[in-house]
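Chemist: Chain residues, written in single-letter form:
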Amino acid sequence: MCLGIPGKVIEIRDDGSMLMGKIDFGGVRKEACLAYVPEIEIGDYVIVHVGFAISRLDEEEALKTLELLRMLDDDAVAMELGSMFAPDEAAEPAGAAGAAPPAATA
Amino acid sequence: MKYVDEYRDSEIACKLLGEIHRITTKPWSLMEVCGGQTHTLVKQGIDEALPKGVRMIHGPGCPVCVTPLEQIDKALAIAARPDVIFTSYGDMLRVPGSTTDLLSLKARGADVRIVYSPLDAVKIAVANPDRQVVFFAIGFETTAPANAMAVWQASKLGLGNFSVLVSHVLVPPAMTAILDSPTCQVQAFLAAGHVCAVMGWTEYEPIAAKYGVPIVVTGFEPLDLLEGILMAIRQLEEGRAVVENQYARAVKREGNRSAQAVVGRIFEPGDRTWRGIGSIPASGLHIRSEFAKFDAEARFEVGDIHTQEHPACIAGQILQGTKTPLDCAAYGTLCSPQKPLGAPMVSSEGVCSAYHAAGRGLAAPTAFPLYELSRPDR
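Residue numbers (this note's numbering), protein chains in the order written: chain A, 18 to 123; chain B, 17 to 394.
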């Protein structure tokens, strides 16, 4: 039901009573209500729940988090994991990880 | 930056998992509140890859699962009326009521329609002025802004043929109820990121302080969950209990003020019964009297509801985290996604359906854990 999915704002319009727009979810385009993200601009990413954008995604925060995650200590990790994840498996690109479900809820 | 693939990087996932193993010195029990988080944890096998003794308890954050049987039976009574077009999120259609479900009712001729957004239900009301259009407004704080906006729009348009059957629940009172239970084993929470995107996290600060539990606002992708678990365990290991925000890209401390304003205009807090759990004080949202004419319960006479749960279903204990689907005698035998006895087996956010989809406790596994999913040949 209330899957929250990130998508890119590609169209913004005021339909008279509400701010509406079109969102691109990796190729699939859908209408969404933008009334709760009035500051939104074309090209921004939002989280959409049941046809409503509820949050504008903050690129700066997102990059900061990813940067911190990438800096995790490799040696300590390798020591802890031991043979659980063999290095050749762990180093492979995240191919089918993209097949995981789009996002989530509540 | 697409905000999806970046958070499914298997190399970083392995590093995070390693860091969790490195810092963990004691057994800990964490609860992920949201059913969407449960599905990612189970599908990716994250809960099974954690250090021995670290346990993920699955929380009650599946809106479909906790919608009380009485409301489902009321929905069925309203949907059966010939003058009604009954609209609902798709997940609700197969949730068993006392005697039937919305999908069976539809098969027997009732006008039951699935909508993606409550605004679609408003459009149906505009297009069908001679019919009563009812929307089943269920969910947590995440769907409340959408459902509130539908009522607001109907009010602005002066629609006399639109109403909502409300069954809204709130997360913080449920967390408090879980912590107050004498059998509570939860030592830290992963709070639901999208609930916090709407509401912020100020409501959680007194809970963390009063009960001494770390609360980490967490997102839904595999890396989000791993980082949320790492942050929660770090707090537990260091003896801290505060609210931290893992999901900073989507959640601000104050939440979404314009959404909160519309929700507060249409709804007010009140007691609410949770299916399988019971009544929790001030844990729900009800329509304000000013908008009472849009309340389907006031518009249609739906008294005399006698509810009857299936005797084999232990959904209540599963939703409270005291049992898992594997403790249920009916799981995978009497009860399956094709023939569900309880809501957690139906919903895309239900823990029973998550276990079933991952093949847990079944003869033939149907999914692969984290390190297998990340292989490019799959």
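Take these hints with a grain of salt, some might be off.
Claimed, not checked - Partial selection, computed: residues in chain A whose CB lies under 10 Å from chain B:
| no. | residue |
| --- | --- |
| 1 | I22 |
| 2 | G24 |
| 3 | M35 |
| 4 | K39 |
| 5 | I64 |
| 6 | S72 |
| 7 | D75 |
| 8 | L85 |
Just so you know, these hints were derived from the structure itself, not from any lab. Beta carbons are placed, not taken as given, at the ideal position from N, Cα and C, and that holds for glycine.
Chemist: Does each hint hold? Answer for all of them.
Modeler: Cross-check of the supplied hints:
Hint status for I22(A) relative to chain B: holds, with the closest Cβ pair at about 9 Å, below 10 Å. A cut of 10 Å between beta carbons decides the hint on G24(A): the least distance to chain B is about 9 Å, and the hint holds. With a cut of 10 Å, the hint placing M35(A) at the interface with chain B holds, because the nearest CB-to-CB distance is about 7 Å. Here the hint on K39(A) is broken, as its CB sits about 14 Å from the closest CB of chain B, past 10 Å.
For I64(A), the shortest C-beta to C-beta distance to chain B is roughly 6 Å, which falls under 10 Å, so the interface hint holds. Residue-level restraint check for S72(A) holds (minimum Cβ-Cβ distance to chain B is 4 Å; threshold 10 Å). With a least beta-carbon distance of about 5 Å to chain B, the hint placing D75(A) at the interface is held under the 10 Å criterion. The interface hint given for L85(A) is met, as the beta carbon of that residue sits about 9 Å from the closest beta carbon of chain B, less than 10 Å.
This entry does not satisfy hint 4, going by the numbered hints stated previously; all others are met.
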